[in-house]
Amino acid sequence: MKIAVDAMGGDNAPQAIIEGAALAVREFDCRIILVGDREIIEPQLDRMDLPDGSVVVKHASEVVGMDEAPRKALVKKRDSSIQRTFDLVKTGEAVVALSAGNSGAAMLSGLYTIGLLPNVDRPCIGSIIPTRDSRAVMVDSGANVDSKPHNLVQFAFMGNALARTALDLPSPRVGLLSIGEEAGKGNETVRGAYHILKKSSLNFVGNIEGGDVFSGDAADVIVCDGFVGNVALKTGEGVAKVLAEALKDEIKSSVLGRVGYIFMRPALKRFKRRFHYAEIGGALLLGINGIGVISHGRSSPTAIKNAILLADKFARTRIDRLVKEEVETSVDLTDLRQTMGAKVHQVIENLKDKKIDSSLKEVKEKSDRKRPKR
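Using this note's numbering, read the sequence shown as starting at 626 and increasing by one per residue.
The set of hints was computed from the structure by calculation and includes no laboratory data. One thing to keep in mind: the hints can contain errors.
Under the rule of at most 27 Å between Cα atoms (straight-line distance), these lysine-lysine pairs were calculated in the DSS-like manner [as the list claims (entries may be wrong)]:
{"hint": "1", "residue 1": "K810", "residue 2": "K773"}
{"hint": "2", "residue 1": "K877", "residue 2": "K894"}
{"hint": "3", "residue 1": "K894", "residue 2": "K873"}
Here are the in silico distance ranges between beta carbons for each label pair [claimed, not checked]:
{"hint": "4", "residue 1": "D842", "residue 2": "M673", "range": "41 to 47 Å"}
{"hint": "5", "residue 1": "K823", "residue 2": "P676", "range": "36 to 42 Å"}
{"hint": "6", "residue 1": "K823", "residue 2": "E950", "range": "34 to 40 Å"}
{"hint": "7", "residue 1": "E950", "residue 2": "A808", "range": "38 to 44 Å"}
{"hint": "8", "residue 1": "F852", "residue 2": "D960", "range": "25 to 31 Å"}
Here a beta-carbon is modelled for each residue, glycine too, at the ideal position from N, C-alpha and C.
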């Protein structure tokens, strides 16, 4: 079972990716394919004295930058490391594709290379996030910034499958992130999704507010637009960082604080491990017909190691098949897709009727102009 890793993706690539792969190989039994510039990767691997065959290199001559427009970059750079990583999953040489690079490019590579699952219109990013006592799933955490109500409903079903597998919850509580708990709160997209989810077979608990995201008290699956989800996660990371720095300043400000730190150090380290993104490692690209893992752009070697561990877990549980079963057999999603299809068909028919009416009106006007005046 091999994991394909984009060695050139991320702010700290390729060094952090190579070191993270080495850590993963040393800590648990896995096989890794590093995709990227062979001339850069192989000399670093040779110095690490890894078991034979544990890490191999597939050459890719181009890199999609973090600031590049994903669609344009993938069209222009056919031999990019991120594209070649997903190609390995398509050909069966690897079971999982992992990248800490441009997340938009990763999503499009997965979409165009592996394809979509039934009853799904768009992929989304499912992140496993820390809560006070456990963990929760957030969908979408950054892939889509202009979702429609039916997209949020699809995200909810995929997030439900992820929570059942990754968090071992038989019936996860699904909550819709909004500006208030009341059913009528939120924009048109949120209100529309609420109406559909309320009638679905999911364990839908209604709207939840931003303060509930990391508490773990309100929901196990937090459903939101990718723009909102990404802002929520980055805000959480920023607040945690500021609190840690403020606590450090307070400790250093007095002798008593420095003495107390000696006794508190183990607890503080455990706290940091619980809430630091590097400990989880990555997020699952949901909705594609395979397994894709997206890691943080600033990933350290430890974060990459944990992302590889997460990818290995997803591969062994065949999370893609479980998500596929969830969306493929869902009567709610099938009915929703049929309803959406009927609406699209009606719009097309209405446009046709308008075009015909317009054509008839134009013919009549021409005929009236040609008719001789009396």
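**Prompt:** Okay, which hints does this one fail, numbers in order?
**Reply:** 5, 6 and 7
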